[in-house]
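Novice: Same order as they appear, the protein sequences are chains A and B.
Just so you know, we're using the numbering used here here: the first sequence kicks off at 764 and counts up by one.
Just so you know, we're using the numbering used here here: the second sequence kicks off at 764 and counts up by one.
These are computed hints drawn from the structure, not numbers from a lab.
Some hints could be false.
Any copy, or any two copies together, can satisfy a pair, since identical chains are not distinguished.
Each computed EDC-like pair below joins lysine to aspartate or glutamate, with the alpha-carbon atoms no more than 20 Å apart [to be verified]:
hint: 1; residue 1: K787; residue 2: E836
hint: 2; residue 1: K802; residue 2: D842
hint: 3; residue 1: K787; residue 2: E904
hint: 4; residue 1: K787; residue 2: E885
hint: 5; residue 1: K813; residue 2: E899
hint: 6; residue 1: K787; residue 2: E816
hint: 7; residue 1: K893; residue 2: D940
hint: 8; residue 1: K909; residue 2: D842
hint: 9; residue 1: K956; residue 2: D907
hint: 10; residue 1: K805; residue 2: E817
hint: 11; residue 1: K956; residue 2: D847
hint: 12; residue 1: K813; residue 2: D879
hint: 13; residue 1: K813; residue 2: E796
hint: 14; residue 1: K893; residue 2: E816
hint: 15; residue 1: K805; residue 2: E885
hint: 16; residue 1: K815; residue 2: E881
hint: 17; residue 1: K813; residue 2: E786
Note that the structure is a prediction, hence the values are computed from the model and not measured.
Number of protein chains: 2
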Amino acid sequence: MKKNTTPSNRMIVMQVATALFLEKGYQTTSMDEIVAVSKVSKTNIYYHFKSKEELLAAIVDQMINRYTDMIDEIAAQTDWPVTDRISRFAALLTEQTPNSLGGCPFLTLYVQTSHDSEVVREAIGAFFRKQTTTMESLLQEGMDRKEIQTALPLPQLAALLVSTIEGALFLQHTQRDPALLSTILHTLATMLK
Amino acid sequence: MKKNTTPSNRMIVMQVATALFLEKGYQTTSMDEIVAVSKVSKTNIYYHFKSKEELLAAIVDQMINRYTDMIDEIAAQTDWPVTDRISRFAALLTEQTPNSLGGCPFLTLYVQTSHDSEVVREAIGAFFRKQTTTMESLLQEGMDRKEIQTALPLPQLAALLVSTIEGALFLQHTQRDPALLSTILHTLATMLK
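Looking at chain A on its own, in the form it has when it is part of the complex:
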C-alpha cells in the first residue's frame, strides 16, 4: 500500500506547491496553505519534506531536470530550422506555467528566494549556464547549415539570446502582451539572417 500512495502524495504536494510558489510567491506561501490546497496531511507532507526550503529545493531540481530534457529534445530536432527550435525553446519556458510572477518560472524562483536559499539560486545559475551552452551549439549548427550568418563570437551571441528570452518573458508579463516574446524573438532572428 505505502509503495503506491507515497510517491503520489509527494507528487501532488510538489505540483500544488509549484503553482503556489510561482503564481502567489514563495515567501507568502505557508506550509499550512499547501496542506489546505493539496489536501495531503501536514504529517505526510513533513514526512516527505522536512521544511519549505527542502520542498523548494526538490521543486527546483525537478523543474531543472524536466526543462533540461525538453530543451535537449527540441535541440535534437535536426529536421527543424535552428531559429524555429530557439523560438520553441523560449515558448517552453512560459507555456507550462503561464502565470509565473516574473514571466519565466526560473527567474521567478531565483528572485523570490533570498540568500538563505543560496543552493537553489546556484542551481538556477547552473541551469542558465547549461542553457547558454546548448544555445551556442544550436547557433553553430545554424552557421554550418547557412541558416544563420554572423561574424560575432558564438558564446557572446548565445548569452545575448538567453538574456533576450528571459528579458522578453519578463517584459511580456509586465505589459500583459502575450505576443511580445515572439515579436522580440522574430526581430532578433531577422538580425541573424
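We have chain A already, so just place chain B on it with the hints.
Specialist: Relative to chain A, chain B alone:
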C-alpha cells in the same frame, strides 16, 4: 523643529527599506527590522507610512521618478553616440543598487511583490513602457545620424533592447559575472552597425 526632522526621518527610512527590500527581499523584511536598522522609532515610521505596502509604493514611486530623470538626462546628451547612451542607461539600472536579488531593482521588486501589490506592479509596467518609448526615440536619432542601420521596425527593436538589458542584468547576476551586461550590449550594438 518638526519641519526639519520629518523629511529626514522619512528619507532615512526609505533608504534603509530600499536596500533591505532589494538585497534581502520585500516579503522577508519586517517593519521591526526597518526600525532596528534605521534607528527611527516605530511610531515615527508608522506616522509616515501606514503599512509596509505603503512604504513599498513610496519607494517604487521614488525609484521611478529618479530613474526616469536620469534616463531622460542621458537620452538628451546629443553629443554622445546613441549606442553609448544606451549602454550608459543600461549600466545605470544596476550601479545604484548593485546587489539587487534579481539584477535590476525594478525587476526585483516586481517579482518580489505578489498580486496583493498590483498597483506597484502596474507602476513598474508603466515605467518599462516609458523606457521602451525613450529607447525608440534614441534609435530614431541613431538612424537619422546614420549611427545605426536597420530595416527593422523601431518599436520592435526598442522592445528587444529593453528586454535584452533586463535579461542581461538578470543573467549577469546568476552567473556572478559583472562584465556580462556590457559584453551582451556590445554584441547587440555590433549587430546594429
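Novice: Which earlier hints can't be squared with this structure?
Specialist: Hint check: 1, 2, 3, 5, 14, 15, 17 fail, others pass.
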